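Protein chains in written order, with this note's numbering: chain V, 1 to 418; chain D, 1 to 418.
One or more of the hints may lead you astray.
It does not matter which identical chain is meant; a pair holds if it fits inside one copy or across any two.
What the hints assert, rightly or not - With a straight-line Cα cutoff of 25 Å, these simulated DSS-like cross-link-like pairs (lysine-lysine) come out:
hint, residue 1, residue 2
1, Lys166, Lys16
2, Lys208, Lys16
3, Lys48, Lys208
4, Lys242, Lys208
5, Lys48, Lys273
6, Lys166, Lys53
In case anyone wonders, no lab produced these hints; they're calculated from the structure.
On a predicted model such as this, the values are computed, not experimentally measured, just so you know.
Spelled out, the chains give:
2 protein chains.
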Amino acid sequence: MEIQQYMQTLGQQARKASRAMARATTGIKNQALLNIAAQIEESREVLKQANAKDMARGEENGLDAALLDRLELTDGRIDTMLEGLRQVAGLADPVGGITDLNYRPSGIQVGKMRVPLGVIGIIYESRPNVTIEAASLCLKSGNATILRGGSEAIESNQALAACIAKGLEDAGLPSQAVQVIETTDRAAVGEMITMPEYVDVIVPRGGKGLIERISRDAKVPVIKHLDGICHVYIDNDADLAKATNIAINSKTHRYGTCNTMETLLVHQDIAEKILPDLASVYTSLNVELRGCEKTMAILPVAIAATAEDWDTEYLAPILAIKIVDDLDHAIEHINTHGSHHTDTIVSENYTKSRRFLLEVDSSSVMINASTRFADGFEYGLGAEIGISTDKIHARGPVGLEGLTSQKYVVLGDGEIRK
Amino acid sequence: MEIQQYMQTLGQQARKASRAMARATTGIKNQALLNIAAQIEESREVLKQANAKDMARGEENGLDAALLDRLELTDGRIDTMLEGLRQVAGLADPVGGITDLNYRPSGIQVGKMRVPLGVIGIIYESRPNVTIEAASLCLKSGNATILRGGSEAIESNQALAACIAKGLEDAGLPSQAVQVIETTDRAAVGEMITMPEYVDVIVPRGGKGLIERISRDAKVPVIKHLDGICHVYIDNDADLAKATNIAINSKTHRYGTCNTMETLLVHQDIAEKILPDLASVYTSLNVELRGCEKTMAILPVAIAATAEDWDTEYLAPILAIKIVDDLDHAIEHINTHGSHHTDTIVSENYTKSRRFLLEVDSSSVMINASTRFADGFEYGLGAEIGISTDKIHARGPVGLEGLTSQKYVVLGDGEIRK
């Protein structure tokens, strides 16, 4: 009951602050971002001390090395935060722009104005730099934010929250425009995702388990993706050099990212020509290959893929390979087994490329480019709060515009409806 | 269990048909719309016979006169359906357009392609013409649809479904692109709103109770509005003639529509000047006036408003009137008590009008125009499936574009990520 009241209070404060944020001019929002950077710069030692407490507690609690690494706030990472804040200050303000303002026969002018969403709840895990990334994007897009970081980073996040509050106040904005939840009680998340009167949208960042749980229980819209089961389809009309480069880059540029290829589809007419060379590159990079029966016949190095492989996001140096009959077979496989994230065709054929673009039902569909490009920075959004594979609201990499909505504006001169 | 299986089958068929619909060319979709019109024209007598069965059963079951009127399929209403189908065929196809296709430093071109949502579930009450309206908008926007009409209209809806199926087939599209649920079992709704694997979005049309129930239980996004508590704010810098026209039209043009004004806000400095004349017009039109204390002092005809009045959608010839201190007070009242639907300021003052436009958090915000303009046709959308007061996805009147999403498209020439 106490936690419920605490979250309700945070929600009310956020709703109130969101009104001031929606009104805030671009100049004032940018000033707040630069103020926060200045506060962090000044508080370097305080931040590192707070982080040291988190690290010590994490070690005591037996966190594994990977988690401890993500938790650590080094000078380099603080510099990256500062750079991020300055970059967001430099981005165009998405709020207030009016588009498609046209006269109607009745005499009224009708257009659409871009407006903030209101209050955004962010739920994330150990990395404390997400506190600054998320807060800066929500601030720039005119939203109020409630942040819920991992319990293992609570000291670091509270220290960062103090810098944010000071930066907002110094710019004349309400410090409650960004609130970091002060308790590690897990019930806080349950409350936050079920108060639609105070929270307009939830952005969860973290493992699939966390995101599934939140999506299931939320009474508020959730901007999310669960899996990144991305495909490269090498068509029989592919340029072999492009196909090789793209297939290698899409898998091996980084293994743990959501836009990494997990399944390679190859047209049956080109498989014998391209697969042996490709396989030797993968093998030299220690990528384990799992293939369909036809693939096994061409690549002795491959082990047999099971039905489960086609639905698996490995996030590891493992690749599933399937030989398909034709384009239809490839599209059918992607739409059935993919996660609607990012899929590429490699082909020189106009008609087949065009069909792939139209018919693959994913948030990013590519021709002759690496799946690794599916990213807010690479797309020119300037920043990214996450990637959405849902069809409602933002889809694909979500930047500042994805944190806004639109409202209709009508300019009249006394018109009434006949 | 049987109904669950039935709905799962409908869902699977809809998902499959949605792929064909997403690929369908503009010409074929338009042909299907015109085919459906031709089928309805040919089946006039069959439709009227089916409708007569619904009417007879309705009378037996003691439906009230208003419901029976909405249920009836007259020749005039059939003509309106035909006209609607032809109009939708004439609208621009929202699907496939690519916007903002720009080069990035990496060499790739990134843009956004407009795509159908997939499968749309529509839940509505007695009027059988909604079957055609909803089906035609979903068809034109490249979606598959599952329609659930009122049980009192089941015979009429099945007869219309047969026309739709024939029209689709004759155009070479899958008849399962539009499926009308054949059972009146209420459990079908519960199933439909909880199968996100087959249904992408739900559009409920009907009373507030229905929509609240659906929103609460749905595991699928819902495009909706609950209330239309719309305001007109007459500023002290208002043109009196414009203010009078707009205040009268916004309330009395139609009483039962969601964009009708329910509360009139008047600046204290202009109240004595404008309210008596306005009140006499309202009174002559038999509109009951309920006022705040200050209003009561000016208008003896008004009865005392209670706290509840400010939060009530009357849908009737009743108007709440409140005298406010200033613009801030008006905006605060609207954002607190309104339903984020449609609100108008009447003012000649630039700065105050601009602030109202920016700060009122509603799906339609107007200057010097009647709230009654908040409508898909008046806004130039060509048609309307409903009005959304949510901030996620479509907001305000929802036309064809609101039934679509976007995906990123990337055109490359073999680029890989460095």
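Structure versus earlier hints, numbers of those that do not hold, lowest first
When the structure is compared with the hints, numbers 2, 3, 4, 5 turn out to be violated.
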